[in-house]
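A.B. asks: Let the sequences and hints guide you as you build the complete structure.
Chains as they are written, first to last, in this note's numbering: chain A, 10 to 442; chain B, 36 to 359; chain C, 4 to 191.
Hints should not be assumed to be uniformly reliable.
[As the list claims (entries may be wrong)] The following residues of chain B were derived to be distant from chain A, with all beta-carbon distances above 12 Å:
| id | residue |
| --- | --- |
| 1 | D114 |
| 2 | E176 |
| 3 | E280 |
| 4 | R322 |
[What the hints assert, rightly or not] If you anchor each label on the Cβ, the simulated ranges turn out as follows:
| id | chain 1 | residue 1 | chain 2 | residue 2 | range |
| --- | --- | --- | --- | --- | --- |
| 5 | B | E56 | A | S60 | 19 to 27 Å |
| 6 | B | G310 | A | E184 | 56 to 64 Å |
| 7 | C | A37 | B | E56 | 53 to 61 Å |
| 8 | B | P306 | A | V225 | 35 to 43 Å |
| 9 | C | P36 | B | R142 | 52 to 60 Å |
Calculated from the structure, these hints are not laboratory results. The structure displayed is predicted, hence computed values, not measured ones. C-beta atoms are modelled at their ideal positions from N, C-alpha and C, and glycine is treated no differently.
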Amino acid sequence: MSRPVLLVGGRVVDPSQSLDEPRDVLIVEGRIESVERDIAGPPDAERIDVSGLVVAPGLIDVHVHLREPGGEHKETIRSGALAAAAGGFTTVWAMPNTDPPLDDPAAVGFVRQEARAWARRGEGGARVSPVGAASRGLAGERLTEIGGLVEAGAVAVTDDGYPIADPALMRRLLEYTQTFDIPVLQHAEDRALSAGGVMNEGAVATALGLRGIPNVSEAAVVARDAYLAELTGGHVHIQHVSTREAVEIIARARDRGARVTAEATPHHITLTEDAVRGYRTDAKMNPPLRTEEDRLAVRQAVVDGIIEMIATDHAPHHYEEKEREFDDAPFGIVGLETALGVCMRELVASGALSLAGLIDRMSCAPARAMGIDAGSLRAGTPADIVVFDPDARWTVEPERFLSRSSNTPFAGMELVGRVRRTMVGGDTRFVTD
Amino acid sequence: MSGDGVGLGLGKDLVGLEGLERKQILGILDTAEPFKEISERHIKKVPVLRGQTIVNLFFEPSTRTRISFEFAEKRLSADTVNISSTGSSVQKGETLVDTARNLEAMRINMVVVRHRSSGAARFLADRIPSNVINAGDGQHEHPTQALLDLLTIRDRFGAIEGRRVCIVGDILHSRVARSNIWGLLTCGAEVAVCGPRTLIPAGIEELGVRVIQRIDEAIEWCDVLYVLRLQLERMKGGYVASLREYNRVFGVTSERLAHAGDDLIVLHPGPMNRGVEIDSDVADGERSVILPQVTNGVAVRMAVLYLLAGGQPELAETAKGGGE
Amino acid sequence: MHSDSARIRTLLDEEATLALVTRLAADIDEALPADERLVLVGIRRRGDSIATEIARLLSERRGPIPTGSLDITLYRDDFAQVGALPRIGTTNIPEDISGAHVIIVDDVLHTGRTIRAALNELADFGRARRIGLCVLVDRGGRQLPIQPDYAGRVLEVPPGAEVSVRVGELDGAWGVDLVRAESGGDGE
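C.D. replies: Structure representation (structure tokens):
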């Protein structure tokens, strides 16, 4: 680890420095030393040939479910971190809806220690930052001891997979979190409106005989929280935006200066409710896949930057849990190992967004918006780097995932862009030919 | 044999009417005709499915549909096995998958399945080699019900094409409504729905269906009034204030039908809530074809079982020729 | 039933065919006592046209003869091989056959399996006192021990060929044809 590393011959794409050029990258003691043409480098440096490949700041995913503690048959901190690294991610934020939930300092601390312990053993993947619960037991009633959670390593608070439903509680959270300068992550859903719903409300749900979740279930809560952010000056981050209405609300709130950030998932910018036809449970998630109009609005918002970042909402489920009647199957799909490929195909290969733009959405922007010390290849920053082949075409084979779970609607799809190496602090956590 | 001996190409299963072609649906109705005659005989049995085992897998309680299927199966000389299982909410998923595996292991020829989850019939059909017939899956489809309804309408009017059919009631939760919508539209009927707005599902117009606000307007417009049962749970869900309110606004009463065209007929899938969605004098009156629906039910189910059990169209082609 | 590539040779024209029908009616009339309670049952789809014609001829001497039609599709023994044939005709037996002398009427007798199916189906309608068989053409090739009581013409048919009977109401004119498939498949 103390040996310097020199990445030679790559195309460095670092939007944080407006850089997109052939450059070498020198890493010393786990940090970026320099990014220049034809670096000679110290004689003991490990030289890695990355010609033909893109070298970018490691991807950041602020929305993953690692299932540990309590759901280890679906995923563990170790397997999830490794899957993240395989997907090019160097930092992931782990959601607190575990069992027990991450609503006290011991639980939060456990997640952080566990990830680090695996790294020390040489089996580490991406950095794992725990997100603390906003309310005790995720019950939506009483605040958790946020200061204590932050001290134990929490980087944000949320009640995800549940919404923070009580507006008074949300207000308190947006006020209180300012002391620690952390965001409140909101899974925007009005559960009275979405009750019993398993997919998007509309003609497809009607034909399939499934209960639907209307757009307003998301929009109403986004609107409320945008106003609360404006009122309090706090930072609300809207998770997995799925509706055109939410996009509009976020844009207007931003214009008024409210601290509202937002994320969209690769599946919401790629798929619609038609993916559910045939009762495919690997197309069942919350918020659901919606209409083409919604998909295009969310996609355009990502292109325009109204939605600053991509986040996967990686939600592993065991095969048998998804192998059941649609009503009973759990919500969620995995996403870490397909995110880059799906977004490259949907946004970059189609010409909608430049490669630099995508790197920004997947690395620089989350770092900026969430205050993460990453998302850049500036000299002095930790060497969290992704090296990938931007033109490689590959077919998704879920049984080869490093994740313990394989619930994905992208099985068999041809994607563009393949991760070849992921480095965290200069240490290679994933490499493939 | 006539020149039309080729099979209808229904495939292994009957999961729903969505996606069936007009000639397939009409072909099933045509096939039901001779089976009606068999039910009038003294010995109501033909040997065609002798030796086949059919399992009636009913996860939801049902008397009339299950008995109708059982009659149909026995009149075709098949052996029938009834399995009823409600299953706890936690175990439902395992139950269906495990049931599928068990059925496969037992080499059952045909399964008739009713289940509370939409998509359950498709789920089973995709996993076992037996023929699967959907007897009602959640709110999705109940194809044999719609087929017997179509047959009943055709019996009365000679054809389904051009008829105006209005389905009244809780469309949102009704698999019978959905199957009928698909079947009627495919066979060229005009379809409308009428009921409390709270019980009309989103996007129904996109399926090709009109929405009529008031029952009087519906009665004026249609030739066929299809009355759905209003379930008591709808009161709990807050969709309808009370049964009395429902009857007041949407009940099919003889007063309302007094202004209807002479040809208008009334159907109901049963069981009826007399005095709620339909008054007794209508249910028992001249416009009602509710009892013929039941008779047609057995014939239609015999036709479906027969067609699926013998679904080998290439061989049917060879059998067309040759006197014996 | 005849593909475009089949070759058709008429063996009996309308006059000759109707003459056979007339002779069959006469044979039946001669064989049975005048007061015999007769029911003619024709096997769909052409047997019943023949039955109707025979009944008409017999009724000139015996008074009205009840006539029915039988569709044997659901009683065939080859369901497993052949599958569902969606065109099932209706069966119509006009009165209770119990105690009656039923004569089954068919156009062509070949393997005998159709008649076996007809016998099974008739049994479901009652216990006839006696059942006889009347066919317009007997082409041999029996696979079951079934013989006609009244046969119009016995024909030897070369392999790969079919005998096809035409009746007035369905085919325009009566006749008996020999039909060969161009490619010569096996007849059954």
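A.B. asks: Now tell me, hint by hint, if it's right for this structure.
C.D. replies: Quick rundown of the hints versus the structure:
1. D114: holds, 28 Å
2. E176: Non-interface label on E176(B) violated, nearest chain A Cβ at 7 Å vs cutoff 12 Å.
3. E280: The claim stands: E280(B) keeps its Cβ more than 12 Å from every Cβ of chain A (closest is about 23 Å).
4. R322: holds, 29 Å
5. E56(B) x S60(A): 19 to 27 Å: violated, 57 Å
6. G310(B) x E184(A): 56 to 64 Å: holds, 57 Å
7. A37(C) x E56(B): 53 to 61 Å: holds, 56 Å
8. P306(B) x V225(A): 35 to 43 Å: holds, 36 Å
9. P36(C) x R142(B): 52 to 60 Å: holds, 55 Å
Going through the hint list in order, the structure does not satisfy hints 2, 5.
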